[in-house]
Each structure stands twice: as C-alpha cells, then as structure tokens.
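Enquirer: Residues per chain, in single letters:
Number of protein chains: 2
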Amino acid sequence: MALDDAALDTVFRNAHTVWDFADKPVADETLQALYELVKLGPTSANCSPARFVFVRTPEGKEKLRPALSAGNIEKTMAAPLTVIVAQDPFFFQKLPQLFPAADAKGWFSGNPDLAEETATRNATLQGAYFIVAARALGLACGPMSGFDKVKLDRAFFSSSGWKSNFLINLGYPKDGAEIPERLPKLTFEEATLFA
Amino acid sequence: MALDDAALDTVFRNAHTVWDFADKPVADETLQALYELVKLGPTSANCSPARFVFVRTPEGKEKLRPALSAGNIEKTMAAPLTVIVAQDPFFFQKLPQLFPAADAKGWFSGNPDLAEETATRNATLQGAYFIVAARALGLACGPMSGFDKVKLDRAFFSSSGWKSNFLINLGYPKDGAEIPERLPKLTFEEATLFA
Numbered sequence: 001m002a003l004d005d006a007a008l009d010t011v012f013r014n015a016h017t018v019w020d021f022a023d024k025p026v027a028d029e030t031l032q033a034l035y036e037l038v039k040l041g042p043t044s045a046n047c048s049p050a051r052f053v054f055v056r057t058p059e060g061k062e063k064l065r066p067a068l069s070a071g072n073i074e075k076t077m078a079a080p081l082t083v084i085v086a087q088d089p090f091f092f093q094k095l096p097q098l099f100p101a102a103d104a105k106g107w108f109s110g111n112p113d114l115a116e117e118t119a120t121r122n123a124t125l126q127g128a129y130f131i132v133a134a135r136a137l138g139l140a141c142g143p144m145s146g147f148d149k150v151k152l153d154r155a156f157f158s159s160s161g162w163k164s165n166f167l168i169n170l171g172y173p174k175d176g177a178e179i180p181e182r183l184p185k186l187t188f189e190e191a192t193l194f195a
Numbered sequence: 001m002a003l004d005d006a007a008l009d010t011v012f013r014n015a016h017t018v019w020d021f022a023d024k025p026v027a028d029e030t031l032q033a034l035y036e037l038v039k040l041g042p043t044s045a046n047c048s049p050a051r052f053v054f055v056r057t058p059e060g061k062e063k064l065r066p067a068l069s070a071g072n073i074e075k076t077m078a079a080p081l082t083v084i085v086a087q088d089p090f091f092f093q094k095l096p097q098l099f100p101a102a103d104a105k106g107w108f109s110g111n112p113d114l115a116e117e118t119a120t121r122n123a124t125l126q127g128a129y130f131i132v133a134a135r136a137l138g139l140a141c142g143p144m145s146g147f148d149k150v151k152l153d154r155a156f157f158s159s160s161g162w163k164s165n166f167l168i169n170l171g172y173p174k175d176g177a178e179i180p181e182r183l184p185k186l187t188f189e190e191a192t193l194f195a
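Residue numbers (the numbering used here), protein chains in the order written: chain A, 1 to 195; chain B, 1 to 195.
None of these hints come from the bench; they were simulated from the model. Be aware that one or more of the hints could be misleading.
As the list claims (entries may be wrong) - For each label pair, taking beta carbons as the anchor points, the in silico distance ranges come out as:
no.: 1; chain 1: A; residue 1: GLY106; chain 2: B; residue 2: GLU190; range: 17 to 27 Å
no.: 2; chain 1: A; residue 1: SER159; chain 2: B; residue 2: THR57; range: 45 to 55 Å
no.: 3; chain 1: B; residue 1: GLY161; chain 2: A; residue 2: SER159; range: 34 to 44 Å
no.: 4; chain 1: B; residue 1: LYS151; chain 2: A; residue 2: ASN111; range: 15 to 25 Å
no.: 5; chain 1: A; residue 1: GLU74; chain 2: B; residue 2: MET77; range: 52 to 62 Å
no.: 6; chain 1: A; residue 1: GLU74; chain 2: B; residue 2: GLY110; range: 25 to 35 Å
no.: 7; chain 1: B; residue 1: MET77; chain 2: A; residue 2: MET77; range: 45 to 55 Å
no.: 8; chain 1: B; residue 1: PRO112; chain 2: A; residue 2: ILE179; range: 31 to 41 Å
no.: 9; chain 1: A; residue 1: ALA22; chain 2: B; residue 2: LEU114; range: 26 to 36 Å
no.: 10; chain 1: B; residue 1: THR57; chain 2: A; residue 2: GLY161; range: 39 to 49 Å
no.: 11; chain 1: B; residue 1: SER69; chain 2: A; residue 2: LYS24; range: 40 to 50 Å
no.: 12; chain 1: A; residue 1: ALA33; chain 2: B; residue 2: ALA33; range: 21 to 31 Å
no.: 13; chain 1: A; residue 1: THR17; chain 2: B; residue 2: LEU114; range: 16 to 26 Å
no.: 14; chain 1: A; residue 1: SER159; chain 2: B; residue 2: ASP23; range: 48 to 58 Å
Stated by the list, open to error - In silico lysine-lysine, DSBU-like type, Cα no more than 30 Å apart, as pairs:
no.: 15; chain 1: B; residue 1: LYS163; chain 2: A; residue 2: LYS163
no.: 16; chain 1: B; residue 1: LYS105; chain 2: A; residue 2: LYS75
no.: 17; chain 1: B; residue 1: LYS105; chain 2: A; residue 2: LYS185
no.: 18; chain 1: B; residue 1: LYS149; chain 2: A; residue 2: LYS185
no.: 19; chain 1: B; residue 1: LYS163; chain 2: A; residue 2: LYS149
no.: 20; chain 1: A; residue 1: LYS105; chain 2: B; residue 2: LYS163
no.: 21; chain 1: A; residue 1: LYS151; chain 2: B; residue 2: LYS105
no.: 22; chain 1: A; residue 1: LYS163; chain 2: B; residue 2: LYS149
no.: 23; chain 1: B; residue 1: LYS149; chain 2: A; residue 2: LYS94
no.: 24; chain 1: A; residue 1: LYS149; chain 2: A; residue 2: LYS75
no.: 25; chain 1: B; residue 1: LYS149; chain 2: A; residue 2: LYS105
no.: 26; chain 1: B; residue 1: LYS94; chain 2: A; residue 2: LYS75
no.: 27; chain 1: A; residue 1: LYS105; chain 2: B; residue 2: LYS151
no.: 28; chain 1: B; residue 1: LYS105; chain 2: A; residue 2: LYS149
no.: 29; chain 1: A; residue 1: LYS163; chain 2: B; residue 2: LYS105
no.: 30; chain 1: A; residue 1: LYS163; chain 2: B; residue 2: LYS185
no.: 31; chain 1: A; residue 1: LYS185; chain 2: B; residue 2: LYS163
no.: 32; chain 1: B; residue 1: LYS185; chain 2: A; residue 2: LYS149
no.: 33; chain 1: A; residue 1: LYS105; chain 2: B; residue 2: LYS185
Heads up, the beta-carbon is just placed ideally off N, CA and C, and yes, glycines get one too.
Take the sequences, apply the hints, and build the full model.
Expert: Okay, structure coming up:
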C-alpha cells in the first residue's frame, strides 16, 4: 500500500534541512519512539551497528564544541539536541543475539576490513533511517559531516570504542519558518542507467 | 505534521526484506517517480554522489551473475529488477551545478580521501532513501552486500569509473506472502546514550 501525497510531502517533498528550531525540547518518549522505528530498517545480517548519542545538556554541548567545524558551532549550540550517529566497531559481538541462524560473528571477528566496511555502510544506512523516521514523526533534522572525528571520538568514546559517523541537529520546525528554495538536483537521466 | 499509523506501518513497522516478488514488472515511470523522491533526501553540500543502475534485461542479469555471492544468485536472477547502488568518485565535478553558493568542488578536487569518504557516506545515505522511498511507493526491497565489488565494477563501470556500494532486488510484494518473524533488535538502552 503506497503512501498518500501528504505523507510523501512530509517525508520527502516538503522536507528540508533545518538549522533554526522551535524552542521546544524533544521528549525522551519521542526519542524512544523514533528509535523503535529506526531499529526496524534493514541492515545486512541484521547487524545493527549504529549507536545514537543524544547530546542535550550544556556539558554535552561543550564537549562537542571543540570538534565542530567553525560553521557548525553556533547552530549546534542552539539546537535542542544534537545526535551523534556512531557505530560500534565490535558490533559483531552481538550477532549471536541478532542473527541466531548462522555464525555471523565468525564472518567478521577475524576480518577487520570487512567488519569496518560493514559497520560503516550499515550505520550510515541507519543514520538515513533516523533522518526519515524523525521527519515521519514531525521532527526536523540538520545533518552535518563537518567535524573532527578524532577529537569527537576522544571526547565521547574513549571507553566504549565507538566511532562517530555523522551528526544530526534535531528538533521541531519553527511555525511559519520560511522554506528555503531547493538546490538543483541531478535529473533521472544524469543519475540513473538501465542495463 | 507526523505520519499516521498506516503510513508508519508501510515504511517501517510492516516493512521487511523481500526475496520472492510478484510476477509484475516495475514500470519506467515508477522508477522515475522513485528517483524523484530519492533525489530530495539530504546529502552534504547537496553533493548527490549516488548513481542507480537498473538491471532488468537477461543480458544485464548475466553480467551481474559472476560477481554475486553464491547465496544471492538465484534470488537476484529471479527478481524483476536489481538496482546497483553506485557512487561517482568524481561527483565533485557537478558541484558548481549542485551547490553554486561556494566553491565546493575545490574542497574535494585536491583531497581524494575526503572525496572518497564523502562519496561513500552520502551514496549510502541515498541508498537508504531509495529503500524507504520504494516502500513508500508500495514496492518491496531485498538489499544485499554479498558480491565481489571488483568484478562488478569491471563488468559495469569500466568506462564510467563509478564504484558499486550495495545492491537492491526490487519488485512488488506477492499477495498473501507470509510475513517472516522479525529478528531481535537492540533495545533503546543498548543502542543509545544521553550526554
């Protein structure tokens, strides 16, 4: 059953990157409801390597600040919440629980290159599911890749060993905010081929 | 405006990976409508590095076959369509068109590591938007990462230089097909932190 036009508008056509959010916090229950959707998006062998850190305290934001690119500091400090989309390089240790049908842990435990590629691809997919699910719940996102991963990982993940992938400023859209003009996109002919 | 439960069910809660599709082709117009949604998903500096190859001819499928992992051959040969989610390593040459506000091409043209990381992250995000948009249009997906990238890229991209990222078998769900039991997922407490 396809979505109706209003739903497609919410998730795709009218959605856009937001930097200036309404002055309204994102409730814990909303973050949990969001995760309950995100976790359902497909990953290879159900490996689910993404980890999400919800930075919302002044202390957390200050820990983030030195890792941010200059152009991302002000908007990140002002956002109700900043999500670190991270990945657990040892995601495969949970595969006996997540994928009991095969010894999937063994595919990765002796192959760090495959483990890293798999963690990165699948955590990135989960980051995209997060953006879409947030929009589906009426939230707005400002995704960012402009930050220093080494600094961020040292500040947040020195004990867990998680690795940052990208950041998302998260909140509610401002009522009556001006919708910016869309940037040009590649045409169907430019971006696709038939074979 | 949040999506209603029926729409959330379609995109997330009732959606699942499908390997056995209805005997119904995916029309060109449907693929174009799908791309028109996918292209709207956010990428950093609007860089839009993903390229989508729709493999649906017997010749195309045979070109794909030698690159596939053994477990993926039969279902891929039987699927109405297989999408190669690829990326253009020289995506930044289109940035003067896609991001006219700054010299974004210059950020990447002298920095192959940043270009590769950016192409990979953003094409993967676009691959996830593709999965979600396909479901939103009533299609079903079987994403796969089990294939030999070197073989596939040599077979399909020796002249374009594009690089494969992952594959998606695509079609319509079968009426009355049994919905498989969901694999276990990480809990909110396992996959998230507050800071």
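Enquirer: Evaluate each hint against the coordinates.
Expert: Evaluation of the provided hints:
no.: 1; hint: A:GLY106 / B:GLU190: 17 to 27 Å; result: 22 Å, holds
no.: 2; hint: A:SER159 / B:THR57: 45 to 55 Å; result: 53 Å, holds
no.: 3; hint: B:GLY161 / A:SER159: 34 to 44 Å; result: 42 Å, holds
no.: 4; hint: B:LYS151 / A:ASN111: 15 to 25 Å; result: 19 Å, holds
no.: 5; hint: A:GLU74 / B:MET77: 52 to 62 Å; result: 53 Å, holds
no.: 6; hint: A:GLU74 / B:GLY110: 25 to 35 Å; result: 28 Å, holds
no.: 7; hint: B:MET77 / A:MET77: 45 to 55 Å; result: 53 Å, holds
no.: 8; hint: B:PRO112 / A:ILE179: 31 to 41 Å; result: 36 Å, holds
no.: 9; hint: A:ALA22 / B:LEU114: 26 to 36 Å; result: 34 Å, holds
no.: 10; hint: B:THR57 / A:GLY161: 39 to 49 Å; result: 46 Å, holds
no.: 11; hint: B:SER69 / A:LYS24: 40 to 50 Å; result: 47 Å, holds
no.: 12; hint: A:ALA33 / B:ALA33: 21 to 31 Å; result: 29 Å, holds
no.: 13; hint: A:THR17 / B:LEU114: 16 to 26 Å; result: 20 Å, holds
no.: 14; hint: A:SER159 / B:ASP23: 48 to 58 Å; result: 53 Å, holds
no.: 15; hint: B:LYS163 / A:LYS163; result: 24 Å, holds
no.: 16; hint: B:LYS105 / A:LYS75; result: 24 Å, holds
no.: 17; hint: B:LYS105 / A:LYS185; result: 16 Å, holds
no.: 18; hint: B:LYS149 / A:LYS185; result: 27 Å, holds
no.: 19; hint: B:LYS163 / A:LYS149; result: 25 Å, holds
no.: 20; hint: A:LYS105 / B:LYS163; result: 27 Å, holds
no.: 21; hint: A:LYS151 / B:LYS105; result: 26 Å, holds
no.: 22; hint: A:LYS163 / B:LYS149; result: 25 Å, holds
no.: 23; hint: B:LYS149 / A:LYS94; result: 26 Å, holds
no.: 24; hint: A:LYS149 / A:LYS75; result: 18 Å, holds
no.: 25; hint: B:LYS149 / A:LYS105; result: 22 Å, holds
no.: 26; hint: B:LYS94 / A:LYS75; result: 27 Å, holds
no.: 27; hint: A:LYS105 / B:LYS151; result: 26 Å, holds
no.: 28; hint: B:LYS105 / A:LYS149; result: 22 Å, holds
no.: 29; hint: A:LYS163 / B:LYS105; result: 27 Å, holds
no.: 30; hint: A:LYS163 / B:LYS185; result: 20 Å, holds
no.: 31; hint: A:LYS185 / B:LYS163; result: 20 Å, holds
no.: 32; hint: B:LYS185 / A:LYS149; result: 27 Å, holds
no.: 33; hint: A:LYS105 / B:LYS185; result: 16 Å, holds
In terms of the numbered hints stated before, the structure departs from none.
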